[in-house]
Amino acid sequence: MLHDPNQTTLFPKLPEEALQQMQQHGREIELAEGEVLFSQGDTNYGFHVVLEGEIQITKLVGNETKLLAIHHRGEFMGEISMLNQSASIASAQAIIPSRVLRLEVEAFRQILIERSPVADTLLAAMVGRTLDVEAQLRQQEKLAALGKMSAGLAHELNNPAAAAKRAANTLRDRFTSLQPLAMQLNQHCLTAEQLNMLAEVQKQAFTYATNAPKLDPLTQSDKEDEVTNWLEMHDVDKSWQIAPTFVSAGIDTHKLDTIADNLGAGIGDALTWLEATLATSGLIDEIEQSASRISELVKAVKGYTYMDRAPLQEVDIHEGLDNTLLMLCHKLKKGVTVTRKYDRTLPRINAYANELNQVWTNLIDNAIDAMNGKGQLTILTAKENNCILVEVADSGVGIPAAIQSRIFEPFFTTKGVGEGTGLGLEIAYRIVVTRHHGDIHFESKPGDTRFRVRLPIVQPDI
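Residue numbers (numbering that gives the first Met the number 0): 0 to 461.
Derived from the structure by calculation, the hints contain no laboratory data.
Treat the hints loosely; a few may be bogus.
Stated by the list, open to error - Label pairs and their computed distance ranges (CB to CB):
#1 R343 - L311: 20 to 28 Å
#2 L311 - D215: 45 to 53 Å
#3 H440 - F205: 52 to 60 Å
#4 V104 - E318: 48 to 56 Å
Said to hold, decoys possible - Computed cross-link-like contacts, DSSO-like style, restricted to lysine-lysine with a CA-CA straight-line distance of at most 27 Å:
#5 K382 - K332
#6 K330 - K164
#7 K330 - K213
#8 K333 - K444
#9 K444 - K340
#10 K254 - K202
#11 K254 - K213
#12 K340 - K330
#13 K382 - K333
#14 K444 - K330
#15 K340 - K373
#16 K213 - K332
#17 K330 - K373
#18 K254 - K164
#19 K213 - K444
#20 K237 - K254
#21 K373 - K444
#22 K332 - K164
Just so it is clear, CB atoms sit at the ideal spot from N, CA and C, and this is done for glycine as well.
Take these sequences, add in the hints, and give me the full structure.
Okay, structure coming up:
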C-alpha cells in the first residue's frame, strides 16, 4: 500500500511509488531560495508536491504573518483551495533551492476519481487539514479581534486618564493660590451683606456650570470678548484667563455690573478670588467625570467578557449589546450615529453570554466597516413569537447579490488579504444556530443592510 499508517494525516508524505506515479501527470517547477510558489489570495491555483527542498507555508492575519508549516519531500499543498475553486488562503515560498511537482485541476481530479491509494492519502489529509486550519483560524480571529479591541480600549482609557492627570496638576496650582487670594480679599473688610452677595453669586455660578448649555464656538467667543472688555475697563488683572471661566458659569456683563455696584473698590480681588473658586470646582468635576468614564469602561470590559461568571447563565440581551458598543466606541466616534430601539420589557434568557457578545461584535464591526466608519447604525430588539429578535442595520454599501449566498461560508471574505479570515459570520452563525438553537438571516441592498438574530426565549438544553 502507498499509505503509511504511522504518519500524520495533517501533513502526510506520499511514498516514492506515489511520487513516481504522479510525476506522469504534472510538471516540475524549479524554485530558487526565497522564490514564491503562490501567494495568499491567488486564484490561479494548482496542486503541489515537494520533490526536493523545503517550502514554507505562511498566512497573513491582520498585520502579522503566521507560519503554518514547512513542507519537505513528499508533502503536498493546495488541494482544498483548488477543489472548492477559492482563492489561496496562504502563501508558499522556498526556504532553500527546491523542486516542486504541479498538477492542474483536471489531472488532480482524475487521481481522486480513480480511487487509488494515493487518493486515500489525499482525502485523509484534506479532512485533517480542514479541521486544523479552521481551528487555528478561529483562534486567530478571536485573538485579532481581541487585539483590535484592546488597542481601542487602551485609547479610550488613556483619554480620561490623561484628562484627569492634567486636571489634577492644574488643581494643585489653583489650590495653592486660593489662600493668598482669600487673604487679599479679606483686607478689604467686606460687610456681611457684601460677603453674602458674593456667596450667592458663587452658588448660582456653580449651579449654572453644572447644567450649562453648550455654546457654539462663535457665541462662546463673542461672550468671552464682552466679559474681557468689561474686566479690562475695570482694571482686573488676567482678564483673558478669567473671562472663559465666567462665561462657562453664566456670569455676564450685567451680573458683573451688579457685583461692581455692591463691592466698589474691592472688585478686582473679589473677581479674581471668585474665578479661582469656580475654576477649582470645574477641575474637580473634570476629575470626577474622567474617573467615572474609566469606571464605566472597566465595567463594560467585565460585562463583555463575563469574568467570574459561569459560561451558561441568565443574560439581558441589552447589556451585551451596550457593552459591545462601548468596546467598539473608538470606531464609532469616526462618524457613526447609533440609534437604539430597545424593547426593555424583554425577558432574560439562558445563554452563553460571552459567545453572544462575539456575535454582536462581528455584526456591529462589519456594519461599521460597510459604512466606512460613517453612517447610521440602528440596533433594534423585540419579541417575535417565542423568540427575542435582535436586528443590526447599517446604511452602508450593501452586500452584492452575487455573493449573498456565500457570506456564512467558512473562510469566505470580501475584505482584502490580511484584513479578515472569513470566519466572523461563520462563527456568528455557529453560535446562534448550533449553540443557541436560533437563526440568523439578513436582507441587503445599497444603503440598507439588516442582520436579524432570533434566539428562543425558552432554550432547550444547551
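Each hint tested on the structure:
no. : hint                    : verdict
1   : R343 - L311: 20 to 28 Å : holds, 24 Å
2   : L311 - D215: 45 to 53 Å : holds, 51 Å
3   : H440 - F205: 52 to 60 Å : holds, 54 Å
4   : V104 - E318: 48 to 56 Å : holds, 50 Å
5   : K382 - K332             : violated, 30 Å
6   : K330 - K164             : holds, 25 Å
7   : K330 - K213             : holds, 24 Å
8   : K333 - K444             : holds, 23 Å
9   : K444 - K340             : holds, 21 Å
10  : K254 - K202             : holds, 13 Å
11  : K254 - K213             : holds, 20 Å
12  : K340 - K330             : holds, 21 Å
13  : K382 - K333             : violated, 32 Å
14  : K444 - K330             : holds, 23 Å
15  : K340 - K373             : holds, 20 Å
16  : K213 - K332             : holds, 19 Å
17  : K330 - K373             : holds, 10 Å
18  : K254 - K164             : violated, 33 Å
19  : K213 - K444             : violated, 38 Å
20  : K237 - K254             : holds, 19 Å
21  : K373 - K444             : holds, 17 Å
22  : K332 - K164             : holds, 23 Å
In the structure shown, a violation is registered for the earlier hints numbered 5, 13, 18, 19, in ascending order.
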